[in-house]
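Novice: Now for the letters of each chain:
There are 2 protein chains.
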Amino acid sequence: MSKNKEIPYKIYLEENEMPTSWYNVRADMKNKPAPLLNPGTHQPMTAEELGSVFCEDLVAQELNDTDPYIEIPEEIRNFYKMYRPSPLVRAYCLEEKLQTPAKIYYKFEGNNTSGSHKLNSAIAQAYYAKKQGLKGVTTETGAGQWGTALSMACSYFDLDCKVYMVKVSYEQKPFRREVMRTYGASVVPSPSDTTEVGRKILAAHPGTGGSLGCAISEAVEVAVTNPGYRYVLGSVLNQVLLHQSVIGLETKAALDKYGIKADMIIGCAGGGSNLGGLISPFVGEKLRGEADYEIIAVEPASCPSFTRGVYAYDFCDTGMICPLAKMYTLGSDFIPAPNHAGGLRYHGMSPVLSQLYDDGLMTARSVPQTAVFEAAEQFARVEGILPAPESSHAIRVAIDEALKCKETGEEKTIVFGLTGTGYFDLVAYEKFHNGQMDDYIPTDEELAKFRANLPKMD
Amino acid sequence: MSKNKEIPYKIYLEENEMPTSWYNVRADMKNKPAPLLNPGTHQPMTAEELGSVFCEDLVAQELNDTDPYIEIPEEIRNFYKMYRPSPLVRAYCLEEKLQTPAKIYYKFEGNNTSGSHKLNSAIAQAYYAKKQGLKGVTTETGAGQWGTALSMACSYFDLDCKVYMVKVSYEQKPFRREVMRTYGASVVPSPSDTTEVGRKILAAHPGTGGSLGCAISEAVEVAVTNPGYRYVLGSVLNQVLLHQSVIGLETKAALDKYGIKADMIIGCAGGGSNLGGLISPFVGEKLRGEADYEIIAVEPASCPSFTRGVYAYDFCDTGMICPLAKMYTLGSDFIPAPNHAGGLRYHGMSPVLSQLYDDGLMTARSVPQTAVFEAAEQFARVEGILPAPESSHAIRVAIDEALKCKETGEEKTIVFGLTGTGYFDLVAYEKFHNGQMDDYIPTDEELAKFRANLPKMD
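Chains A and B are the protein sequences, given in the same order. Residues are numbered in my numbering as their position in the first sequence, beginning at 1, plus a constant of 625. Residues are numbered in my numbering as their position in the second sequence, beginning at 1, plus a constant of 625.
A portion of the hints provided could be inaccurate.
Same chains, same label: a pair holds when it works inside one copy or across any pair of copies.
List time: in silico EDC-like cross-link candidates among lysine to aspartate or glutamate, alpha-carbon distance up to 16 Å [said to hold, decoys possible]:
no. : residue 1 : residue 2
1   : 886       : 783
2   : 722       : 783
3   : 722       : 692
4   : 882       : 639
5   : 706       : 631
6   : 1056      : 1002
7   : 657       : 699
I should point out that these hints are in silico values taken from the structure, not numbers from a laboratory.
Given the sequences, and given the hints that come with them, work out the whole structure.
Specialist: So this is what it looks like as structure tokens:
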């Protein structure tokens, strides 16, 4: 099957074609995502309350569900120009390998040192912290992509950066720590004895490898107890999805430039930052009745918040000090089994995506990790890029869909998000090569146990 | 100093602006590089003799010093389209940080999974091996960039790939091995007991960490003793510089597109593959009297073949089974001190570059490694990209030159080659962060000792 290659392998926008505003999908949603609630009073968090944790401008963005476009400040646009636009790649070689009539495109966000899309929001959050005159920010990181991105962004704006890194990742990924140090960040394995909540968790679970939920609690505690610091988060929040909309806006501009209409959009989903950013402008068209797309969220079978979670108010962190969010969740104590490699290990899901999913605007699938790494290796061998395990969830489903097209003869146009590279995930690849990876999936009984800890909301 | 940013941060060529031929600088050289000699007879190697080690088409390219342009086969151009053109980046942020009137550009070759420019020649060599109907190829790798690149290329053309990896790198960089395994290569630490020459070296130097020279000897032995296999090399050879000219051709096309005239071109030099590729078209203009450029090779002070070596016939490998090459060399037994981090550890230098250097068409500088890592960190913090230690040699001198411009007020246009990323060099970065790096430089007595082993040529 030889194809006419009138579409270039890589579509790059010109600098003057890059987005100048982010797109705020909430403005077009009839059913708005539910507000964050005060964990004590169960009343919606006010701007003032949120301002003790987050920067002012980011609080405004968090609460804004009416303005469809929010201008990207020039300083951020200049930083974007250092590593954006990211290419929209036509996967000619993968198509040929699969012998599929489908046309496959991927938006590749890995061509920057953080290795992922996380930098899109990190630079925005660092910018607003600097603008507010803060000394620094605190955050958590799991696989390390977000922490790396934030340390790059803080270095650029000369802000202090304290990163609480999930202990199991800290130990498995010492190189990530060195990258963050290169950018001047301090990195603490979590849970740690540097915070009250960390000491509590350590006392209750000695020897724990930590979780994103623990690390968030520690980072928030440090932010609210140190003057001149605020907390920043790499996923889940409305503001993060807003910043990440740059992915979807560029994707749409690149498709439009060549008159390409996508049929299906696929992205991996952990907290939802990449998926939300990628699909926003397309969902906007769906919401406004201008176009239709099949949208698929892909999550690990070992952390299935969409496919096996419940839509309810829950804590965002293990220490239960953050606001409550209404989202698809497995319960804030949930931690994926130790064999789970790579990211996408958050117990909840972005409130925006949760509402869109609940409204039937997108679907979700879960995939076991061996199948994910098989897709990753197949992709690497033909397309050259060594993908992050997270991104490989989307690759798995894109390949599955392309193979369906081979059976049916449909020439669907499939677009997926390739969020990052796997250069710091070689321990997981090694496990895969050595046949040491397993596909443990939590039982219904296990999930019920975690669900029992959801907050009572009446 | 605020600059008018009419030049984009990143210049990308369109697919139809990409080179369709490689440029062969030897065709324009009045003094041709000296021929490879048979190590037994000291007579120029014939095409037939070379054909037992290298693929046919590559032998022809190795010997061709008359055709200025050699067409890039369509299969290779298609592969190039997956990761090329690479961006020519205007280092606005570095310029601002340095407060220099100089204009700094870098050609960034790190946006592919091999993490460096090595893929440009790997894919060409794999293509010709496939075209000849071979089963596979053998090679050596030091830091692992070349081995990774070759394994990617062999995977694409479905060729077997056997990599002999310098033992000290094999042990320090297990992740590189896993990347190569992902692409289906077999990786052996060198010296090994799988070859006669390896066993000899192990007997003479028990516990040695290996060297590129040893690994070359092993890979060549396996190629010549296994039917259907040939040896491929990632640097030094004329054919490699030919393939790498794609770097310089793209750089020149990007500069020309915006009417930019470079004053100075800077590249790091180990065996010379990146530097030779980057400067070829510019040197061509110098040779033809069409333009002038200051060209600077930068090498580690711990492996100073240009600045402290001799221009003489020498063995390319430690086992002395390869042809003799006339080049700037430290002697084929030379191995940099164990504290030396990163690549650029080859004892010799490309015969093409050696001749150009001897003819005064370029200059060379050596830099100590702590200063190199300081430049690397400074660059990473403002330009975002975490550079490979190799590339950081060029960054060091580019920064030094930009600071000179600050003193003199000159608005020079400086172009340097950023050959790759440092994601697999975090052990070296960690040493740097922990103050465990030293700047040992070989003494004159040590260098004289290695030089005494040059072959007698009368």
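Novice: Now tell me, hint by hint, if it's right for this structure.
Specialist: Structure-based check of all given hints:
1. 886 / 783: neither (42 Å within a copy, 34 Å between copies)
2. 722 / 783: between (47 Å within a copy, 12 Å between copies)
3. 722 / 692: neither (44 Å within a copy, 36 Å between copies)
4. 882 / 639: both (11 Å within a copy, 14 Å between copies)
5. 706 / 631: between (27 Å within a copy, 13 Å between copies)
6. 1056 / 1002: Intra 13 Å, inter 32 Å, cutoff 16 Å: intra-copy only.
7. 657 / 699: Answer is neither: 29 Å inside a copy and 52 Å across each miss the 16 Å cutoff.
In summary, the structure is inconsistent with hints 1, 3 and 7 from the numbered list given earlier, while agreeing with the others.
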